[in-house]
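Participant: These protein sequence lines are chains B and P, in that order.
Using this note's numbering, read the first sequence as starting at 1 and increasing by one per residue.
Using this note's numbering, read the second sequence as starting at 263 and increasing by one per residue.
Keep in mind that the hints were calculated from the coordinates and are not lab data.
Worth double-checking, as some hints may not be accurate.
[As the list claims (entries may be wrong)] Where chain P lies over chain B, by a calculated footprint (3+ residues, C-beta under 8 Å):
{"id": "1", "stretch": "24-33"}
{"id": "2", "stretch": "203-212"}
[Unchecked claim] Label pairs and their in silico Cβ distance ranges:
{"id": "3", "chain 1": "B", "residue 1": "S86", "chain 2": "P", "residue 2": "E298", "range": "37 to 43 Å"}
{"id": "4", "chain 1": "B", "residue 1": "R120", "chain 2": "P", "residue 2": "G297", "range": "37 to 43 Å"}
{"id": "5", "chain 1": "B", "residue 1": "P170", "chain 2": "P", "residue 2": "R356", "range": "35 to 41 Å"}
{"id": "6", "chain 1": "P", "residue 1": "R399", "chain 2": "B", "residue 2": "S86", "range": "16 to 22 Å"}
{"id": "7", "chain 1": "P", "residue 1": "D303", "chain 2": "B", "residue 2": "E223", "range": "52 to 58 Å"}
{"id": "8", "chain 1": "P", "residue 1": "L271", "chain 2": "B", "residue 2": "E64", "range": "46 to 52 Å"}
{"id": "9", "chain 1": "B", "residue 1": "F188", "chain 2": "P", "residue 2": "G403", "range": "24 to 30 Å"}
{"id": "10", "chain 1": "P", "residue 1": "L388", "chain 2": "B", "residue 2": "S151", "range": "34 to 40 Å"}
{"id": "11", "chain 1": "P", "residue 1": "T383", "chain 2": "B", "residue 2": "Y121", "range": "46 to 52 Å"}
{"id": "12", "chain 1": "P", "residue 1": "L271", "chain 2": "B", "residue 2": "P167", "range": "46 to 52 Å"}
{"id": "13", "chain 1": "P", "residue 1": "T383", "chain 2": "B", "residue 2": "E68", "range": "46 to 52 Å"}
{"id": "14", "chain 1": "P", "residue 1": "T383", "chain 2": "B", "residue 2": "R120", "range": "50 to 56 Å"}
[To be verified] Sample of chain B residues lacking proximity to chain P, with all beta carbon distances greater than 10 Å (derived):
{"id": "15", "residue": "P12"}
{"id": "16", "residue": "A78"}
{"id": "17", "residue": "F82"}
{"id": "18", "residue": "D91"}
{"id": "19", "residue": "E93"}
{"id": "20", "residue": "F103"}
{"id": "21", "residue": "P112"}
{"id": "22", "residue": "G115"}
{"id": "23", "residue": "H125"}
{"id": "24", "residue": "G128"}
{"id": "25", "residue": "E141"}
{"id": "26", "residue": "P173"}
{"id": "27", "residue": "E219"}
{"id": "28", "residue": "P228"}
All residues carry an ideal CB built from backbone N, CA and C; glycine is no exception.
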Amino acid sequence: MTATATATPVSPMLTRLAAERATGALLRDHGTLYLVDGRVVHAESPESPGVDVLLTAAGRLPREGWDEAVDRAGALGAVGRFLVDSGRLHDGELEICHLGAVFDAAFFALAPAGGPTRFRYGVGHWFGTVRPVDTGAVERETLRRRELLDSVWPYPAVDRAPVVPRPAAPGQPVGARQRTLLAAADGFRTPADLARLLGRPAFHTFLDVRRLAAAGLVETPYEAPPPPPPPVPAWIGEAVATTPDPDIALLRRLRDALEAAL
Amino acid sequence: MPGIDECLLEAMSLPGARGAWLVDWTSGLALGSAGESPVGDHETTAAESAELARAAAEFESPTADSPASGASAADAVLPEPAAAPVEDLIVTTRAGYHVFRFVETAFDSSVCLHLWLDRSTGNLALARIRLGDLARRLVLG
Numbered sequence: 001m002t003a004t005a006t007a008t009p010v011s012p013m014l015t016r017l018a019a020e021r022a023t024g025a026l027l028r029d030h031g032t033l034y035l036v037d038g039r040v041v042h043a044e045s046p047e048s049p050g051v052d053v054l055l056t057a058a059g060r061l062p063r064e065g066w067d068e069a070v071d072r073a074g075a076l077g078a079v080g081r082f083l084v085d086s087g088r089l090h091d092g093e094l095e096i097c098h099l100g101a102v103f104d105a106a107f108f109a110l111a112p113a114g115g116p117t118r119f120r121y122g123v124g125h126w127f128g129t130v131r132p133v134d135t136g137a138v139e140r141e142t143l144r145r146r147e148l149l150d151s152v153w154p155y156p157a158v159d160r161a162p163v164v165p166r167p168a169a170p171g172q173p174v175g176a177r178q179r180t181l182l183a184a185a186d187g188f189r190t191p192a193d194l195a196r197l198l199g200r201p202a203f204h205t206f207l208d209v210r211r212l213a214a215a216g217l218v219e220t221p222y223e224a225p226p227p228p229p230p231p232v233p234a235w236i237g238e239a240v241a242t243t244p245d246p247d248i249a250l251l252r253r254l255r256d257a258l259e260a261a262l
Numbered sequence: 263m264p265g266i267d268e269c270l271l272e273a274m275s276l277p278g279a280r281g282a283w284l285v286d287w288t289s290g291l292a293l294g295s296a297g298e299s300p301v302g303d304h305e306t307t308a309a310e311s312a313e314l315a316r317a318a319a320e321f322e323s324p325t326a327d328s329p330a331s332g333a334s335a336a337d338a339v340l341p342e343p344a345a346a347p348v349e350d351l352i353v354t355t356r357a358g359y360h361v362f363r364f365v366e367t368a369f370d371s372s373v374c375l376h377l378w379l380d381r382s383t384g385n386l387a388l389a390r391i392r393l394g395d396l397a398r399r400l401v402l403g
């Protein structure tokens, strides 16, 4: 796995920034990584639920509690620390939740996509530093996650399509977490919608949906059909239409010869 | 109030402890690691232990406190069990013990502590009790 990461770095720029121990924000198409001294301290992506969603969706933290923490500690760039110091969260909870959100957002931020990659030196994130992670670990995990998804069920279309449950076979086991996911799937919500609703990381939901699809418990949408073969060139139609009188006798002899040969 | 590292260090202070991990068993992510690894690299260990833990977490024996286990997924909204049905998982190899303890959080997560003990110097009963205690204190302070 390490060899793969070295051979194909997810982002050459990230490797360089880690080497120069840079501090700032790495902006990519699908998300942003925040670095302090060349280590990843935060990540966010429009595709993945943030720490606030993870904590409030299941009722661990009331929305007002979160808003107050952002109001009071956001300007200082220490919201995470404030949540712990004010007794709203415990250290372990904060670390588990934040790390989950960081690796989740990094998975999308480091997705292979064209588009410019920019780095803004000195930019920090208001959440503050909780548990910095090596860029190498983030890159390796991102690659591992991509491979994991495809090894479970190599149909990326299920990641974006609405989740449509299928009936389980008699006696087919379904885990408790997957049952919760299926119960929330109303045929319209996509895996990303379900992640937000249930307060789970988006990658986890993608992975569970791929596992369910592999088990036949969720519909696998058809991939976009391949482009149709090029139509018969126009001159053939013209040639047929303009040939006035096909030689019936010749065609008969041809048919007989073919039948004899076969 | 221990964080992940303090929790793993405390697990490593148990007699016979060789390695400790905090693993997200849905994704296989290593949230933290301490000590040595049976396969030489902590991330691979975490990914492997996640597979084991996931199989255990999704295992539902037909016990009295999980009446929903026989119902089909089509029954839409099933009441969630109050607590995870499986507390821990113990795997014994010729040279060691692996104890996996599920961590219950008040938000949606899927993490477990994994402790690797030397079979000759480790104390399985003690480790099991202390790991349960650590899993509680990790999230409850």
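Participant: Could you tell me which of the hints above the structure violates, numbers in ascending order?
Facilitator: 1, 7, 8, 9, 18, 19, 20, 25 and 26
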